[in-house]
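Taken in order, these protein sequences are the chains called A and B. Sequential numbering of the first sequence, starting at 1, is according to UniProt numbering. Sequential numbering of the second sequence, starting at 1, is according to UniProt numbering.
Please keep in mind that the hints were generated in silico from the structure rather than gathered at the bench. Keep in mind it's a predicted model, so treat the numbers as computed, not measured. Hints are supplied without guarantee of correctness; some may be wrong.
[Unchecked claim] With a straight-line Cα cutoff of 30 Å, these simulated BS3-like cross-link-like pairs (lysine-lysine) come out:
1) A:K31 to A:K70
2) A:K70 to A:K22
3) A:K70 to A:K120
4) A:K118 to B:K289
5) B:K289 to A:K120
6) B:K54 to B:K248
7) B:K289 to A:K139
8) A:K116 to B:K289
9) A:K70 to A:K232
10) B:K285 to A:K139
[As the list claims (entries may be wrong)] Covered by chain B, per the in silico footprint, the following chain A stretches (three or more residues, Cβ under 8 Å):
11) 51–58
12) 156–163
Even glycine gets a Cβ: it sits at the ideal position worked out from N, Cα and C.
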Amino acid sequence: MKEEILTTQDLHLYYGDKEALKGINLNFDEKGITALIGPSGCGKSTYLRTLNRMNDLIPNVTITGTIKFKGNDLYAPNADTVQIRKEIGMVFQQPNPFPFSIYDNVIYGLRIAGEKDKEKLDAVVEKSLRQAAVWDEVKDHLHESALALSGGQQQRVCIARVLAVSPEIILLDEPTSALDPVSSSQIEATLLNLRHDYTIIIVTHNLQQASRIADRTAFFMNGELIEVDQTKNIFMNPANKQTEDYISGRFG
Amino acid sequence: MNSKTQNKVAIGGLYGIAGFVVLILLALLGFILVSGVPQLSWHFLTAPGKAFLKGGGVGVQLFNSFYLLILAMLISFPIALGAAIYLYEYAKDNWLTTTIRTAIEILSSLPSVVVGLFGFLFFVVKLHLGFSILSGAFALTFFNLPLLARSIEDSLRTVSDVQREGGLALGLSRWETVSRVILPAAVPSILTGVILSAGRVFGEAAALIYTAGQSAPALNFADWNPFNISSPLNPMRPAETLAVHIWKINSEGIMPDAKAISSGSSAVLVIAILLFNFAARYLGKRLYKRLTSA
Numbered sequence: 001m002k003e004e005i006l007t008t009q010d011l012h013l014y015y016g017d018k019e020a021l022k023g024i025n026l027n028f029d030e031k032g033i034t035a036l037i038g039p040s041g042c043g044k045s046t047y048l049r050t051l052n053r054m055n056d057l058i059p060n061v062t063i064t065g066t067i068k069f070k071g072n073d074l075y076a077p078n079a080d081t082v083q084i085r086k087e088i089g090m091v092f093q094q095p096n097p098f099p100f101s102i103y104d105n106v107i108y109g110l111r112i113a114g115e116k117d118k119e120k121l122d123a124v125v126e127k128s129l130r131q132a133a134v135w136d137e138v139k140d141h142l143h144e145s146a147l148a149l150s151g152g153q154q155q156r157v158c159i160a161r162v163l164a165v166s167p168e169i170i171l172l173d174e175p176t177s178a179l180d181p182v183s184s185s186q187i188e189a190t191l192l193n194l195r196h197d198y199t200i201i202i203v204t205h206n207l208q209q210a211s212r213i214a215d216r217t218a219f220f221m222n223g224e225l226i227e228v229d230q231t232k233n234i235f236m237n238p239a240n241k242q243t244e245d246y247i248s249g250r251f252g
Numbered sequence: 001m002n003s004k005t006q007n008k009v010a011i012g013g014l015y016g017i018a019g020f021v022v023l024i025l026l027a028l029l030g031f032i033l034v035s036g037v038p039q040l041s042w043h044f045l046t047a048p049g050k051a052f053l054k055g056g057g058v059g060v061q062l063f064n065s066f067y068l069l070i071l072a073m074l075i076s077f078p079i080a081l082g083a084a085i086y087l088y089e090y091a092k093d094n095w096l097t098t099t100i101r102t103a104i105e106i107l108s109s110l111p112s113v114v115v116g117l118f119g120f121l122f123f124v125v126k127l128h129l130g131f132s133i134l135s136g137a138f139a140l141t142f143f144n145l146p147l148l149a150r151s152i153e154d155s156l157r158t159v160s161d162v163q164r165e166g167g168l169a170l171g172l173s174r175w176e177t178v179s180r181v182i183l184p185a186a187v188p189s190i191l192t193g194v195i196l197s198a199g200r201v202f203g204e205a206a207a208l209i210y211t212a213g214q215s216a217p218a219l220n221f222a223d224w225n226p227f228n229i230s231s232p233l234n235p236m237r238p239a240e241t242l243a244v245h246i247w248k249i250n251s252e253g254i255m256p257d258a259k260a261i262s263s264g265s266s267a268v269l270v271i272a273i274l275l276f277n278f279a280a281r282y283l284g285k286r287l288y289k290r291l292t293s294a
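Construct all of the structure, not just a fragment, from the sequences and the given hints.
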């Protein structure tokens with residue numbers, strides 16, 4: 001029996017008066033990939049962003065319920081958002097490397113945390129870029145601007161940047177929807193490599209992608225969690241009629 | 001008229017308007033440079049002025065202009081930077097920040113002669129600073145602060161929000177994100193804004209007439225002790241700048257070569273401001289390249 005690393009109980013989220021999440025109960029085991037799927041506006045991205053408190057940045061958001069990371073309440077009054085986001089990293093839809101060199105992008109978190117040992121930084125850069133499966137492509141121009149890379153390479157550098165601060169959980173918000181198919185499949189391969197070492201939660205619009213990489217899949221609709229199960233069951237034998245309709249392309 | 005001809009007419013009209021603007025600009029520049037550049041010489045740029053005789057230079061005024069500019073920038077830049085960061089990165093939209101923004105906008109549209117008169121009443125008279133570089137620098141700060149704060153705020157706005165999210169999601173605090181990600185990314189654009197506003201400050205006359213004064217006592221360029229009255233660095237001495245000098249010569253100059261000096265000074269002023277503009281573009285581009293490609 002694996003340990004549950006992240007648990008959400010009766011999570012409600014309101015944008016002003018509008019209820020965007022209507023009582024989500026969803027837990028995540030350590031390691032492996034969970035995909036969150038569902039039609040646009042179903043709340044899956046909103047839900048993902050509650051998991052490392054990125055919704056804090058949006059005004060007029062009210063959140064009730066409990067999210068616990070290793071037993072600690074993420075929304076406790078004394079919770080440290082900076083520490084939370086170090087342990088729960090995030091990769092966004094639009095690749096967002098900083099306008100610095102590839103090297104600086106990857107070590108930025110560590111450098112700001114005060115790490116100065118050049119050898120250690122070098123090692124982290126190589127390890128993170130290897131884990132993100134982009135090392136071979138960029139190793140000869142680490143000191144050139146990350147903005148000069150292709151979208152897919154940028155996204156993998158962003159993944160490496162998150163890995164460099166050694167998080168336990170990696171949240172990905174439609175990380176391939178702005179990329180071409182080749183880059184997307186490289187990102188998928190990267191994630192499959194990482195699933196043994198990290199807990200990965202990915203929001204995706206691409207059902208094939210979910211079926212290819214996810215161990216578990218959760219289906220969201222209208223701010224509610226409809227069904228969560230092993231990916232195979234969700235796609236082959238969903239328990240819920242709405243899930244079946246969505247999977248078979250009847251809406252969404 | 002079909003849409004193709006309409007298009008042609010519109011483009012032709014826009015070309016005409018743009019050409020007209022460029023023509024005016026070139027004519028003005030040409031006039032100033034053609035009448036002014038022949039007056040320029042090393043002697044003109046370095047010698048002190050003469051009140052009644054011909055052959056005076058603008059050395060003191062030129063130095064004053066730069067010294068005032070630097071002082072004004074040293075005072076206004078940190079304040080403007082802080083204000084811009086607060087307003088754009090931290091402040092929530094409420095009545096307080098709306099008030100601050102409105103205040104900045106009103107301040108930035110104040111006629112500079114009003115700023116000058118305020119500076120006269122407050123710094124020169126009330127605070128007993130007299131006609132001095134310091135009074136002038138404070139007045140210029142009032143003149144420059146709102147423009148600079150807005151320009152820096154615009155620079156921060158050019159940095160995409162995904163960069164802010166990226167920084168925060170990496171476990172950087174708000175301040176680390178601002179100071180280590182957003183500011184470096186905005187530096188080229190901030191620098192451009194600073195240099196362009198420096199050009200405006202450099203050419204400012206009305207705000208200085210009543211604060212830094214209209215006299216340029218000869219300076220002893222061998223004496224760099226800021227407490228001596230003839231030292232160039234003394235911030236308590238009256239200091240006529242180049243722009244004020246031009247205004248003064250044209251209104252009450254009694255030296256025989258007043259016209260030539262005024263033309264020469266104008267040319268120096270215009271060339272300096274042109275140089276500021278080119279430097280702004282060049283440095284901004286270079287810095288951006290350097291920061292973004294290590």
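Practice item. Take the region 51–58 of chain A, compare each residue's beta carbon with every beta carbon of chain B, and decide whether three or more fall closer than 8 Å. Key: holds (count 3)
Practice item. Below or equal to 30 Å on CA atoms is what counts here, so check A:K70 against A:K120. Key: holds, 28 Å
Check your understanding: Holds or violated: A:K118 with B:K289, Cα cutoff 30 Å?
Key -> holds, 24 Å
Check your understanding: Does A:K139 lie within 30 Å of B:K285 when you go C-alpha to C-alpha?
Key -> Within the cut-off at roughly 27 Å; holds.
Review point. When you check the alpha-carbon spacing of B:K289 and A:K120, does it fall within 30 Å?
Key: holds, 28 Å
Review point. Within 30 Å, alpha carbon to alpha carbon, are A:K70 and A:K22?
Key: holds, 23 Å
Point to revise | 30 Å Cα cutoff - pair A:K70, A:K232 | key: Since the Cα atoms of A:K70 and A:K232 sit roughly 27 Å apart, the hinted pair holds (cutoff 30 Å).
Check your understanding: Is B:K289 close enough to A:K139, meaning Cα to Cα at most 30 Å?
Key -> It holds: about 21 Å lies between the C-alpha atoms, which stays within 30 Å.
Review point. Is A:K116 within 30 Å of B:K289, Cα to Cα?
Key: holds, 25 Å
**Study point:** Proximity test - 8 Å, beta-carbon atoms, the region 156–163 of chain A to chain B, at least three hits
**Key:** holds (count 3)
Check your understanding: Holds or violated: are the alpha carbons of A:K31 and A:K70 at most 30 Å from each other?
Key -> holds, 13 Å
Practice item. Below or equal to 30 Å on CA atoms is what counts here, so check B:K54 against B:K248. Key: At roughly 16 Å apart (the allowed maximum being 30 Å), B:K248 and B:K54 satisfy the hint.
Going down the numbered hints, you'll see the structure goes against none, and every one checks out.
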